[in-house]
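**Student:** If you want the building blocks of each chain, they are given just below.
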Amino acid sequence: AQKITQTQPGMFVQEKEAVTLDCTYDTSDQSYGLFWYKQPSSGEMIFLIYQGSYDEQNATEGRYSLNFQKARKSANLVISASQLGDSAMYFCAMSVNTGGFKTIFGAGTRLFVKA
Amino acid sequence: EAQVTQNPRYLITVTGKKLTVTCSQNMNHEYMSWYRQDPGLGLRQIYYSMNVEVTDKGDVPEGYKVSRKEKRNFPLILESPSPNQTSLYFCASSLWARDRLGTGELFFGEGSRLTVL
Chain A
13 AQKITQTQPG MFVQEKEAVT LDCTYDTSDQ SYGLFWYKQP SSGEMIFLIY QGSYDEQNAT
73 EGRYSLNFQK ARKSANLVIS ASQLGDSAMY FCAMSVNTGG FKTIFGAGTR LFVKA
Chain B
59 EAQVTQNPRY LITVTGKKLT VTCSQNMNHE YMSWYRQDPG LGLRQIYYSM NVEVTDKGDV
119 PEGYKVSRKE KRNFPLILES PSPNQTSLYF CASSLWARDR LGTGELFFGE GSRLTVL
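For the protein sequence lines, the chains are A and B, in the order given. Each residue of the first sequence is one higher than the one before, counting from 13 in our numbering. Each residue of the second sequence is one higher than the one before, counting from 59 in our numbering.
Derived by calculation from the structure, the hints in this document are not laboratory data. Mixed in with the good hints, there may be bad ones.
As the list claims (entries may be wrong) - Mimicking EDC-like on lysine to aspartate or glutamate, the simulated pairs with C-alpha atoms at most 20 Å apart in a straight line are:
no. : chain 1 : residue 1 : chain 2 : residue 2
1   : A       : K114      : B       : E111
2   : A       : K114      : B       : D157
3   : A       : K114      : B       : D114
4   : B       : K129      : B       : E59
5   : A       : K114      : B       : E59
6   : A       : K15       : A       : D34
7   : B       : K123      : B       : E163
8   : A       : K15       : B       : D117
9   : A       : K15       : B       : E88
10  : A       : K85       : A       : E68
11  : B       : K129      : B       : D96
12  : A       : K82       : A       : D34
13  : A       : K114      : A       : E27
14  : A       : K114      : B       : E120
15  : A       : K15       : B       : E59
16  : A       : K114      : B       : E88
17  : A       : K28       : A       : E73
18  : A       : K85       : A       : D34
19  : A       : K126      : A       : D98
20  : B       : K75       : B       : E88
21  : A       : K85       : A       : E27
22  : A       : K114      : B       : E163
23  : B       : K123      : B       : E111
24  : A       : K15       : B       : E163
25  : A       : K82       : B       : D157
26  : A       : K114      : A       : D38
27  : B       : K123      : B       : E88
28  : B       : K75       : B       : D114
29  : A       : K126      : A       : E27
30  : A       : K114      : B       : E137
Being a predicted model, the structure only gives us computed values, none of them experimental.
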C-alpha cells in the first residue's frame, strides 16, 4: 500500500539557518510524483515544490529544495535561510496511479522559526 | 482570478441532516478531489474525479458521495452526517503533471470546517 511517513511532528529552527524536513514514501510503482505543501496558521494550502520519480536532478524553487533519494525512498524538504514566515505546517504528498490518480499525504511537520 | 471556491466555509449541523459542500474551480482543470484534515492524520483523500462523470474512491469514502456533472463543479454530499465526520474539508483541482506521472500541483479551496453534533 502507498504511504507517506513524516517522523518529525514538530521542529524548531533559528532564523536564517537551514532546516531539513524528513519524508519517506512507500510505493511499488515506478512512476509517481512527490510534492511538498505549506499550511500557515491561516489554514490555506500552498504548493512549494514537485519532484517526478524519473527526475535525475533534485528540484529547487527559490529557498526550497527537495533532496530526492530514490533508492532510500526519501524526499526531504530543505529550506535554506529560514524566515519567521516559514513557521507553518508542512506536508509531504505523493501522487500515484492506482487506476486513477490518488494523492496521499503525510501527517505533517510543524515548523517553528525562532527569532 | 484563478481559484477554487468552497461553500460553506463553516457549518454546524446535527446528526442525520443531509448536507452538501459545494466546490467550483475556474481553471478548466480535469482533476478534482476532496480531502479531510484531522489533527495528527494529515489530509486524507475522500473521493477524486479524473474528468466529467468519472469519479473514484480515495482512502476514506465511507459516508460521503460525490458527483461530477460539469467540469468546474465537484460537490461533496453527506447523506446522513455523523459526529465522526466533524473535520476540516478541502477541495482541490489540478492539471496533470508536466511529466504525466500523475497530478500536478493541487490548487486548494480555503477549506470548510464542519461540525456534526
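**Student:** If a hint holds in the structure, say so; if it does not, say that too.
**Tutor:** Quick rundown of the hints versus the structure:
{"no.": "1", "hint": "K114/A to E111/B", "verdict": "holds (17 Å)"}
{"no.": "2", "hint": "K114/A to D157/B", "verdict": "holds (16 Å)"}
{"no.": "3", "hint": "K114/A to D114/B", "verdict": "holds (9 Å)"}
{"no.": "4", "hint": "K129/B to E59/B", "verdict": "holds (18 Å)"}
{"no.": "5", "hint": "K114/A to E59/B", "verdict": "violated (27 Å)"}
{"no.": "6", "hint": "K15/A to D34/A", "verdict": "holds (14 Å)"}
{"no.": "7", "hint": "K123/B to E163/B", "verdict": "violated (24 Å)"}
{"no.": "8", "hint": "K15/A to D117/B", "verdict": "holds (11 Å)"}
{"no.": "9", "hint": "K15/A to E88/B", "verdict": "violated (25 Å)"}
{"no.": "10", "hint": "K85/A to E68/A", "verdict": "holds (14 Å)"}
{"no.": "11", "hint": "K129/B to D96/B", "verdict": "violated (28 Å)"}
{"no.": "12", "hint": "K82/A to D34/A", "verdict": "holds (14 Å)"}
{"no.": "13", "hint": "K114/A to E27/A", "verdict": "violated (36 Å)"}
{"no.": "14", "hint": "K114/A to E120/B", "verdict": "holds (16 Å)"}
{"no.": "15", "hint": "K15/A to E59/B", "verdict": "violated (34 Å)"}
{"no.": "16", "hint": "K114/A to E88/B", "verdict": "holds (14 Å)"}
{"no.": "17", "hint": "K28/A to E73/A", "verdict": "holds (17 Å)"}
{"no.": "18", "hint": "K85/A to D34/A", "verdict": "holds (11 Å)"}
{"no.": "19", "hint": "K126/A to D98/A", "verdict": "holds (10 Å)"}
{"no.": "20", "hint": "K75/B to E88/B", "verdict": "violated (31 Å)"}
{"no.": "21", "hint": "K85/A to E27/A", "verdict": "violated (29 Å)"}
{"no.": "22", "hint": "K114/A to E163/B", "verdict": "holds (13 Å)"}
{"no.": "23", "hint": "K123/B to E111/B", "verdict": "holds (13 Å)"}
{"no.": "24", "hint": "K15/A to E163/B", "verdict": "holds (19 Å)"}
{"no.": "25", "hint": "K82/A to D157/B", "verdict": "holds (17 Å)"}
{"no.": "26", "hint": "K114/A to D38/A", "verdict": "holds (14 Å)"}
{"no.": "27", "hint": "K123/B to E88/B", "verdict": "holds (19 Å)"}
{"no.": "28", "hint": "K75/B to D114/B", "verdict": "violated (24 Å)"}
{"no.": "29", "hint": "K126/A to E27/A", "verdict": "holds (6 Å)"}
{"no.": "30", "hint": "K114/A to E137/B", "verdict": "violated (24 Å)"}
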